[in-house]
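Engineer: Sequence:
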Amino acid sequence: MALPTLRIIGFILGIFLITLAVSMVIPMFTLLAFERTDDLQAFIWASLITFGSGFALVAPGRPTNTNLRPRDMYFLTTISWVTVCCFAALPLMLVQHISYTDAFFETMSGITTTGATVLSGLDSASPGLLIWRSLLHWLGGIGFIGMAVAILPLLRVGGMRLFQTESSDWSEKVMPRSHMVGRYLLAIYLSFTLAAFIAFWLSGMGGFDALNHAMSTVATGGFSTSDASLGKFGPASHWVAIVFMVLGSLPFTLYIATVRGNHKALLVDQQVRGFILTLIVTSLLFTAWYWFNHDEGLLDSLRIVTFSVVSVVTTTGYAVNDYTQWGGFAVMVFFYLTFIGGCSGSTTGGLKIFRFQVAYSLLRANFKQLIHPRAVIRQQYNGHNLDEEIVRSILTFSFIIAITIGVLALCLTLLGLDPITALTGAATAVCNVGPGLGNIIGPAGNFSTLPDTAKWLLSVGMLLGRLEIITVLVLLTPAFWRH
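Residues in the sequence shown are numbered from 12 upward in steps of one, following our numbering.
To be clear, the hints were calculated from the coordinates, so they are not data collected in a lab.
If you're wondering where the values come from, they're calculated on a predicted model, not measured in any experiment.
A few of these clues could be false.
Simulated restraints on C-beta separations [to be verified]: (1) Leu486 <-> Val270: 43 to 49 Å; (2) Trp56 <-> Asn377: 58 to 64 Å; (3) Thr75 <-> Pro489: 28 to 34 Å; (4) Thr269 <-> Val292: 22 to 28 Å; (5) Leu487 <-> Arg385: 42 to 48 Å; (6) Phe340 <-> Trp56: 30 to 36 Å; (7) Ile209 <-> Arg403: 44 to 50 Å.
Even for Gly, the Cβ is constructed at its ideal location relative to N, Cα and C.
Based on the sequences and whatever the hints tell you, model everything.
Structural biologist: Given below as structure tokens:
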């Protein structure tokens, strides 16, 4: 990689680190507001170290007449997420007095909006620490949306090219006007966060809890201010969380299209309709089963099941109770739901619903071809022709994610983890869901007792899943580093 290219990548990393350092001011003000100045010094030092490192990268200036090629964006995308995690872990280590391994795991989980945690005693934890965890979710959520809209289509990763023409005028100009798109994204993201804060507050939460859960819910992250997650709060907060988990799971490109005048953008989108239908059908069928098999009223059954289904499918990872205690059938259902994810261009992880829809479309076309061998069958999705490149990209990603989960699970069993913990831990990390299954990492547990090596492996899994795997794996090929 040429020196000017490395310099511009360093310059961009420096901007990210300075932004991160400035973000640490928010926990500082929070500590001052709560009169908890014992942790203030830790955030000051972390901010100074981060700012100094960022300034050192920015100081040489941005190289002129140098542009990043698509192949350079692979490296920038990966290195920026890793670098930000390395520095964002400092406050957690200094405040909580945990190992850097635990701090990095918690930070990677936060920025990738996974929601897996190694911390306990959250109900009495430092308010600065709690707001920092939620802020990591919030920054990671908007960061991934921006990447999904602006970068992944260039790299031919993530499937966003299928959705770039949903708003005619805007979509055709999305790249030349990326600064305008960024403003729309930030405005919509902020609006959702503010609306979620007000809704949580009106549901009975205190202002601090409402703010934390607003950032975590819109980012579909899952970090809470209580070890009991949303189980600590009343039923009204559960319905609020359901609404905003769903909103965070829809394509933000379509929100922009709606704001710009295409009011039917969300209603006619095949991906959105498939996602909503999946949530409704799964929740209703699962509610019927739960109601017949548990001593709960119908409305409470609907609330508990819908919340749990939406939380897992949207890869948020909140819990109102331990659904692994519902029986073997429920455990298998939630394991399957782990892989679905939300819509492309949202804050969610997972395979994304459109890949299942495209796979079904291809299967149906294949059946028709078998029945009518000479027929020319046109394959479309969401108004777009499914050309060979798109199909190849989707099949490759689906295959790679299955192999990644399998290899990661094998590595975890080599470290002594039981098969359920290893398999669901690998799946929940790569799909960015949060809690796994079993007594150790299930909704009622956390990841603190896992070996340090397992935490590093799961951190890699979270990064791979958040960046759509291929973006990272391409860096490991010799061809990438050849001129």
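Engineer: All hints, please: hold or fail.
Structural biologist: To see whether the hints hold, each was checked on the structure:
Under the hint 43 to 49 Å, the C-beta atoms of leucine 486 and valine 270, about 36 Å apart, miss the expected range. Taking 58 to 64 Å as the suggested C-beta distance range, the pair tryptophan 56 and asparagine 377 conforms, at roughly 60 Å. Between threonine 75 and proline 489 the CB atoms are about 31 Å apart, so this pair conforms to the stated range of 28 to 34 Å. Range check, threonine 269 to valine 292: about 25 Å between beta-carbon atoms, so the 22 to 28 Å window is met.
Leucine 487 and arginine 385 have their C-beta atoms about 44 Å apart, which keeps the hinted 42 to 48 Å range intact. The beta-carbon spacing between phenylalanine 340 and tryptophan 56, approximately 50 Å, falls outside the hinted interval of 30 to 36 Å. For isoleucine 209 paired with arginine 403, a C-beta distance near 45 Å keeps the hint of 44 to 50 Å intact.
Checked against the numbered hints above, the structure violates hints 1, 6; every other hint is satisfied.
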